[in-house]
Amino acid sequence: MVRFENVGLRYGLGPEVLRDLSFRIEPHSFQFLTGPSGAGKTSPMRLLFLALPPTRGLITLFGHDIATLSKDAMATLRRRIGVVFQDFRLIDHMTTYENVALPLRVVGQEEENFRDEVIELLQWVGLGERMWALPPVLSGGEKQRAAIARAVIARPQLLLADEPTGNVDPSLAQRLLRLFVELNKSGTSIVIATHDIALMDQYDARRLVLHEGRIHVYE
Amino acid sequence: MNDDIDAVTAAPQPGAMPQFVTPIVPKSTIAGRALVAIVAIMTFLASLTTGAVVLVRAAASDWQSEVAREVTIQVRPVGNRNLEADVSRAADVARRFPGVAEVRVYSKEESSHLLEPWLGTGLVLDELPVPRLAVVRIASGAAPEFDRLAKLLTEQVPSASLDDHRSFVEHMRSMGRAAFLGGLAVLALVLVATVLSVTFATRGAIATNRTVVEVLHLIGAKNTFIAEHFQRRFLGLGLQGGAIGGGCALVLFGLVEFLSRNFLGSAAGEQFGALFGSFSIGIFGYLAVALQIALIAGVTALASRRTVNRTLESFE
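Residue numbers (our numbering), protein chains in the order written: chain F, 2 to 220; chain G, 35 to 350.
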């Protein structure tokens with residue numbers, strides 16, 4: 002599904018922050034991307050959701066070399082990936098319902114066909130009463146759940162979550178992890194970037210440990 | 035539901051189904067009022083130019099057809115020839131010529147009236163070698179051969195010459211063409227200024243909505259999807275500005291037409307009427323202004339789309 006080969010990344014003329022990353026993400030797999038705080042876990046995540054091109058090396062996504070893709074083809078590939086951003090990236094002038102429904106709107110689905118599904122998911126993540134609320138009035142945990150709901154609503158083949166439980170209490174963190182596990186069982190590959198060891202201990206999964214710009218894989 | 039970013043919460047709708055109604059590009063993030071004002075001013079100026087061009091072309095065409103229906107015979111006093119006899123012979127030649135409806139010889143008094151503005155009153159023409167004129171009116175629908183008439187005149191009255199006003203008509207034509215080209219140039223400048231204003235406004239809107247654009251990108255929106263939303267918003271602003279500017283121009287033309295009709299009896303009104311006819315831009319003029327509103331709104335939408343596409347290309 003995803004293949005990194007000798008991938009390197011530097012920002013501008015700065016030093017290389019990622020060096021010789023080589024790993025694969027298989028279909029239906031579950032992995033944590035971890036490392037100490039400040040290790041740069043967000044950088045490989047940005048490469049994975051095509052927000053950045055690598056400085057060197059090869060990345061293939063769903064069988065496509067991303068260096069050869071057109072902008073439109075990249076947009077089509079991104080539709081197969083769900084992303085939970087560390088800073089949520091909810092659109093402030095749109096309601097929680099609209100934020101979650103946005104990926105379906107972008108692919109041109111009619112509202113009649115997705116409304117029930119969006120409402121059901123919002124209720125499942127505990128935001129049934131907050132559908133009309135705008136993000137600025139949501140708490141950190143509510144924003145987190147809305148961001149997760151938006152990432153999974155289109156049933157992506159690959160889900161990337163950057164510190165998805167960073168702003169929620171342990172019981173909700175457990176519930177969200179269960180959501181990811183359920184999604185994984187239904188066929189979605191999951192990559193969770195986290196430094197929360199307690200969270201990783203709750204589920205036995207492959208770990209990609211980022212240390213000094215290199216990745217060490219622990220199966 | 036409120037699309038204003040300042041609103042902190044949408045109206046609660048207990049029991050109602052949620053709906054996706056908020057525009058992706060919020061109104062408040064575009065310098066809408068300023069842009070509407072710019073587009074309105076540009077449309078107003080373009081409409082005034084179009085109206086002026088229509089008016090000048092119509093007036094020039096009226097003058098041309100008026101002038102083209104007449105030619106002038108000029109008889110110069112030469113040596114010891116009898117000027118009066120020469121004038122009446124030249125008039126006879128013209129009267130007998132096919133296609134001529136009427137020949138009117140200007141008397142000495144009328145000739146002195148014509149020269150009054152330059153030489154003053156109390157002029158005694160006998161003391162000056164002033165040529166005499168005869169105005170030849172062409173019959174309706176006829177196209178006399180002026181070259182043959184001129185030849186005939188010089189054969190029978192050597193001191194007579196024919197002026198068919200060709201150079202004046204040509205001058206009128208050139209003026210009409212110049213007015214039209216000038217109007218086109220002003221319209222082009224207005225369009226360029228509109229495109230530049232919209233480009234800056236769109237860039238500003240994209241910068242303000244950068245987070246929205248990034249999120250849309252990352253959830254798989256194609257550039258065309260994002261550009262369409264900006265284009266829709268700017269088309270609305272363009273139509274609004276165009277309608278205000280064009281509407282004001284139409285009202286102004288209507289008002290001037292009304293006033294010129296009401297003041298037709300006055301001296302100023304008569305002079306105005308002589309110059310510009312009825313001072314009406316006619317159906318064609320009003321239609322041209324309406325088309326201009328649509329053109330400027332369309333240009334606004336396309337300029338924003340182009341700017342969004344170009345900005346998005348450099349985004350990643």
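Calculated from the structure, these hints are not laboratory results. Among the clues, some could well be false.
[As the list claims (entries may be wrong)] One side of the interface only, derived from the structure: several residues of chain F facing chain G at Cβ under 8 Å:
hint	residue
1	69
2	70
3	80
4	84
5	95
6	112
7	116
8	120
9	121
10	125
11	141
12	176
Glycine included, every Cβ here is placed at the ideal spot set by N, Cα and C.
Exercise for the section: Tell me if residue 95 of chain F is really an interface residue toward chain G, meaning its C-beta lies closer than 8 Å to one of theirs. Expected result: 5 Å, holds
Exercise for the section: Closer than 8 Å between Cβ atoms is the bar; does residue 176 of chain F clear it against chain G? Give me holds or violated. Expected result: 23 Å, violated
Exercise for the section: Verify the interface restraint on residue 69 of chain F: the C-beta must sit less than 8 Å from at least one C-beta of chain G. Expected result: 15 Å, violated
Exercise for the section: Grab the minimum C-beta distance from residue 70 of chain F to chain G and call the hint holds if it beats 8 Å, violated otherwise. Expected result: 11 Å, violated
Handout entry: Restraint satisfaction for residue 84 of chain F [CB to CB of chain G, less than 8 Å]
Key = 6 Å, holds
Problem - Interface hint for residue 120 of chain F, Cβ within 8 Å of any Cβ on chain G - result: Since the shortest Cβ distance to chain G is 7 Å, the answer is holds.
Problem - Given hint residue 125 of chain F near chain G, where the shortest CB pair must fall under 8 Å - result: Residue 125 of chain F check fails; min Cβ-Cβ to chain G is 15 Å, beyond 8 Å.
Exercise for the section: Classify the hint on residue 121 of chain F as holds or violated, based on whether any CB of chain G lies nearer than 8 Å to its CB. Expected result: Constraint on residue 121 of chain F not satisfied, violated at 12 Å.
Handout entry: Restraint outcome when residue 80 of chain F is required to lie within 8 Å of chain G by C-beta distance
Key = Holds - the Cβ of residue 80 of chain F comes within 8 Å of chain G, reaching about 3 Å at its closest.
Exercise for the section: With chain G as the partner, please determine if residue 116 of chain F meets the hint condition of a C-beta pair closer than 8 Å. Expected result: Holds. Min distance 6 Å.
Problem - residue 141 of chain F as an interface hint toward chain G, with CB separation required under 8 Å - result: Constraint on residue 141 of chain F not satisfied, violated at 16 Å.
Handout entry: Evaluation of the interface hint that places residue 112 of chain F against chain G, nearest CB under 8 Å
Key = The hint holds - residue 112 of chain F has a Cβ within 8 Å of chain G, the shortest such distance being about 5 Å.
When held up to the earlier numbered hints, the structure conflicts with 1, 2, 9, 10, 11, 12 and fits the remainder.
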